[in-house]
Amino acid sequence: MDNMSKWLKVGINVVVILANFIIVAASVGFLWPIGYLYWGVKGNVARSVWANESFLRYSGSHRPTASTIASFPNWPYVLLMAIGGAIMMGAAIWFCLTLRKLLKNLAAADYFSMANVELVRKLVYAECYMVLSNSLIAGGNQITSTWLDGYNNGVLAQTWSDVADSLVGVVVLEVIYVMYSRAMAIKTENDLTV
Amino acid sequence: MVKLTLNVVMAERNISSQELAAAIDITPANLSILKTGKAKAIRFSTLEKICRVLDCQPGDILKYVPDTAEH
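In order, the protein sequence lines correspond to chains V and X.
Going by this note's numbering, the letters in the first sequence line up with residues 1 to 194, in that order.
Going by this note's numbering, the letters in the second sequence line up with residues 1001 to 1071, in that order.
To be clear, the hints were calculated from the coordinates, so they are not data collected in a lab.
In this text, a Cβ means the ideal position worked out from N, Cα and C, and glycines have one as well.
Wrong hints could be hidden among the right ones.
Stated by the list, open to error - Below 35 Å or equal to it, Euclidean Cα-Cα: the simulated DSBU-like pairs (lysine-lysine) are:
#1 K1003/X / K187/V
#2 K101/V / K1063/X
#3 K1040/X / K1063/X
#4 K101/V / K122/V
As the list claims (entries may be wrong) - Here are some chain X residues pointing at chain V (derived, C-beta under 10 Å):
#5 A1011
#6 I1026
#7 L1034
#8 K1038
#9 K1040
#10 A1041
#11 I1042
#12 R1043
#13 T1046
Unchecked claim - From the structure, some residues in chain X lie toward chain V, with a derived Cβ separation under 10 Å:
#14 I1015
#15 Q1018
#16 I1033
#17 A1039
With the hints as constraints, model all of the structure from the sequences given.
Below, the structure written as structure tokens:
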């Protein structure tokens, strides 16, 4: 049993370190939405996307014509990517901060408390924001795929399948939340049985 | 709802919380939960001990009060 708790502590420490790394990376990641807004202000978004090294062309695709570039929905694309990106970075930071608190409580052997139930609920909300951000970014990437016949392979490269993945994440976290809150209710009732 | 009138019976028997807690072998904190009405449930074993020590019937310490909504 002691051996198991030792490995549990090691696992928690590893996840906390990863969460810290993601918090730093997501903080830096706010530069990407700003970059998209810069493209929007600068104009010629389609050309900037096409010239970007993270933008990969489908085999057989041709350089976009002048009319394609002219009809490219610059601001819808920029806003979808910038807002989606900002929400995603914010949600990632919120998720990791909450997860870190939850894991620290577990490491301190504070398994069943209302504070932990509240933290799991926050994880569900953060994951819901992930679904929203993934939807916006997937919408933006759909625009480049449709107009420019290629796909983003860099940061903020989410597609519709990522939206489905994050929805599964919401369902899994919600199930954990419901079970955990029920367990807390049973424990409270047990504590108040004399 | 069911209310516990334990404090009334305790006052009639002139027994303190500490004495009762020691006599029925529960913690003062748990006895406080009973007295303040925070308890969600009471075990038959606890009820039996209380009745034995206070020399009363379960009905003396449990009282049914209809909820206001039922009127």
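Okay, the hints, checked on the actual structure:
1. K1003/X / K187/V: 22 Å, holds
2. K101/V / K1063/X: It is violated: about 44 Å lies between the C-alpha atoms, which goes past 35 Å.
3. K1040/X / K1063/X: Judged against 35 Å, a Cα distance of about 15 Å means the pair holds.
4. K101/V / K122/V: 11 Å, holds
5. A1011: 19 Å, violated
6. I1026: 6 Å, holds
7. L1034: Holds: closest Cβ of chain V sits about 5 Å from L1034/X, inside 10 Å.
8. K1038: 6 Å, holds
9. K1040: With Cβ-Cβ at 4 Å, under 10 Å, it holds.
10. A1041: 4 Å, holds
11. I1042: 6 Å, holds
12. R1043: 7 Å, holds
13. T1046: 5 Å, holds
14. I1015: 17 Å, violated
15. Q1018: Constraint on Q1018/X not satisfied, violated at 16 Å.
16. I1033: 6 Å, holds
17. A1039: 5 Å, holds
Checked against the numbered hints given earlier, this structure breaks hints 2, 5, 14, 15; the rest are met.
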